[in-house]
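S.K.: Take these sequences, add in the hints, and give me the full structure.
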Amino acid sequence: MNAAVLLFPGINRERDAARAVLQASGKPAKIVWHGDHELPAGTDLVIVPGGFSYGDYLRCGAIAARANIMDAVRAHAGRGGYVLGICNGFQILCESGLLPGVLMRNKDLKFICKMQHLKTGRNDTVFTKRYAEGQVIKVCIAHGEGNYAADESTISRLEGEGRVAFRYCDAQGRVGGDANPNGSARDIAGIYSEKLNVLGLMPHPENLIDPMVGGIDGRGMFESLALISRAA
Amino acid sequence: MKARVTVTLKNGILDPQGKAIEGALKSLGVEGVLSVRQGKVFDIELAAGDKVRAEASLKAACEKLLANMVVENYRVEIV
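Chains A and B, in that order, are what the protein sequence lines are.
If you read the first sequence in the numbering used here, its first letter stands for residue 490, the second for the next number, and so on.
If you read the second sequence in the numbering used here, its first letter stands for residue 323, the second for the next number, and so on.
These are computed hints drawn from the structure, not numbers from a lab.
Here the structure is a predicted model, which means the values were calculated and not measured.
Hints may be right or wrong, so weigh each one.
With a Cα cut of at most 27 angstroms, we get these calculated DSS-like pairs of lysine-lysine [unchecked claim]: (1) B/Lys324 to B/Lys386; (2) B/Lys362 to A/Lys599; (3) B/Lys332 to A/Lys596; (4) B/Lys362 to B/Lys341; (5) B/Lys332 to B/Lys386; (6) A/Lys596 to A/Lys519; (7) B/Lys341 to A/Lys599; (8) A/Lys618 to A/Lys596; (9) B/Lys348 to A/Lys599; (10) A/Lys618 to A/Lys599; (11) A/Lys599 to A/Lys516; (12) B/Lys324 to B/Lys362; (13) B/Lys386 to A/Lys684; (14) B/Lys332 to A/Lys599; (15) B/Lys348 to B/Lys332; (16) A/Lys627 to A/Lys603; (17) B/Lys362 to A/Lys596; (18) A/Lys603 to A/Lys618; (19) B/Lys362 to B/Lys348; (20) B/Lys362 to B/Lys332; (21) B/Lys381 to B/Lys362; (22) B/Lys373 to B/Lys362; (23) A/Lys618 to A/Lys684; (24) B/Lys324 to B/Lys373; (25) A/Lys603 to B/Lys341; (26) B/Lys381 to B/Lys348; (27) A/Lys516 to A/Lys627; (28) A/Lys684 to A/Lys519; (29) B/Lys348 to A/Lys596; (30) A/Lys596 to B/Lys341.
Stretch by stretch, here's where chain B covers chain A in the computed footprint (C-beta under 8 angstroms, at least three residues) [as the list claims (entries may be wrong)]: (31) 500-512; (32) 515-524.
A virtual CB, placed ideally from N, CA and C, is assigned to each residue, including glycine.
M.R.: Here's what the structure looks like:
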């Protein structure tokens with residue numbers, strides 16, 4: 490599995506993403522600069538990592554979404570290539586049109602940085618094979634704008650087509666209520682594109698891959714992705 | 323030529339920042355505030371002298387970058 494991790498000014502989790510890829514696949518990810526026009530040849534997976542691209546100016550992810558490299562990412566996704574956007578990366582994917590909807594300011598206006606349980610949706614995608622359907626995982630969140638919003642018909646479509654990848658829940662797997670940290674519509678933490686080859690999520694699975702930092706529930710996603718080469 | 327572009331949230335979109343400002347105005351005792359919606363203003367200088375063309379480029383600027391059409395509206399004024 491060949492992974493490319495995009496780097497925009499202000500991104501700060503690219504090494505975390507690269508470390509998770511290396512741990513799961515044994516292959517180092519290539520770091521790709523935003524000004525490039527092409528992805529490295531043979532790229533299977535593009536990771537758009539977290540951080541604060543362009544200082545969150547204008548809207549989170551708005552300026553990065555219009556960078557040169559994003560044309561190549563759109564073409565890659567159009568060919569069925571895999572794209573994973575985490576946190577600011579999810580915001581960038583929404584702004585770039587690769588995923589529907591938008592991430593609004595958290596409902597209580599606070600930046601939230603804490604551990605968070607998620608309920609996994611389907612497990613037949615390239616991102617979630619190593620999880621069980623409905624599995625509760627504990628990862629972390631760190632965002633000020635994670636409040637997913639879209640019009641009612643878009644949200645019904647996402648739900649009807651099985652495109653809600655993860656929802657916020659508590660340790661017992663109860664979705665919503667106080668377990669929803671940011672006011673996100675239908676407790677949505679992550680969504681897939683129509684063809685299930687693009688995933689965007691606010692939480693950080695790449696940061697929960699080492700028991701030293703409080704858990705390894707994020708490994709499943711990268712171990713799932715590491716299977717890509719064998720399948721191809 | 324100078325223009326002012328105003329970007330505001332569409333009706334029905336929750337605006338937590340506007341709500342917080344509204345609360346602050348009320349706690350300051352500013353009278354008669356019913357509600358606050360927050361938006362953005364862009365003052366833009368344009369090389370073109372042609373008003374119709376200027377409006378067309380500003381519309382493109384809004385739809386390509388300045389506004390997120392999922393949740394925002396925009397208004398263009400040549401000033």
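S.K.: Are lysine 516 of chain A and lysine 627 of chain A close enough, with their CA atoms no more than 27 angstroms apart?
M.R.: Judged against 27 angstroms, a Cα distance of about 25 angstroms means the pair holds.
S.K.: Do three or more residues from the segment 515-524 of chain A put their C-beta atoms closer than 8 angstroms to C-beta atoms of chain B?
M.R.: Result for this restraint: violated, n = 0.
S.K.: Can the restraint linking lysine 381 of chain B and lysine 348 of chain B be considered satisfied, given a maximum Cα separation of 27 angstroms?
M.R.: Roughly 36 angstroms separates the two Cα atoms, so the pair is violated.
S.K.: Starting from lysine 618 of chain A, check that the Cα of lysine 596 of chain A is at most 27 angstroms away, please.
M.R.: violated (32 angstroms)
S.K.: Hint check: lysine 341 of chain B vs lysine 599 of chain A, CA-CA at most 27 angstroms. Holds or violated?
M.R.: holds (14 angstroms)
S.K.: Does the alpha-carbon distance linking lysine 332 of chain B and lysine 599 of chain A stay inside the 27 angstroms limit?
M.R.: Roughly 22 angstroms separates the two Cα atoms, so the pair holds.
S.K.: Going straight from one Cα to the other, do lysine 362 of chain B and lysine 599 of chain A come out at no more than 27 angstroms?
M.R.: Holds - the C-alpha atoms of lysine 599 of chain A and lysine 362 of chain B are around 20 angstroms apart, at most 27 angstroms.
S.K.: Hinted pair, alpha-carbon criterion (27 angstroms max): lysine 599 of chain A, lysine 516 of chain A. Please report holds or violated.
M.R.: violated (37 angstroms)
S.K.: Is lysine 324 of chain B close enough to lysine 373 of chain B, meaning Cα to Cα at most 27 angstroms?
M.R.: holds (10 angstroms)
S.K.: Decide if the proposed pair is consistent with the structure: lysine 603 of chain A and lysine 341 of chain B, CA atoms, cutoff 27 angstroms inclusive.
M.R.: holds (25 angstroms)
S.K.: Can the restraint linking lysine 618 of chain A and lysine 684 of chain A be considered satisfied, given a maximum Cα separation of 27 angstroms?
M.R.: Distance ~16 angstroms between lysine 618 of chain A and lysine 684 of chain A Cα, so the pair holds.
S.K.: Are lysine 596 of chain A and lysine 341 of chain B close enough, with their CA atoms no more than 27 angstroms apart?
M.R.: holds (10 angstroms)
Checked against the numbered hints above, the structure breaks hints 6, 8, 10, 11, 26, 31 and 32 and satisfies the rest.
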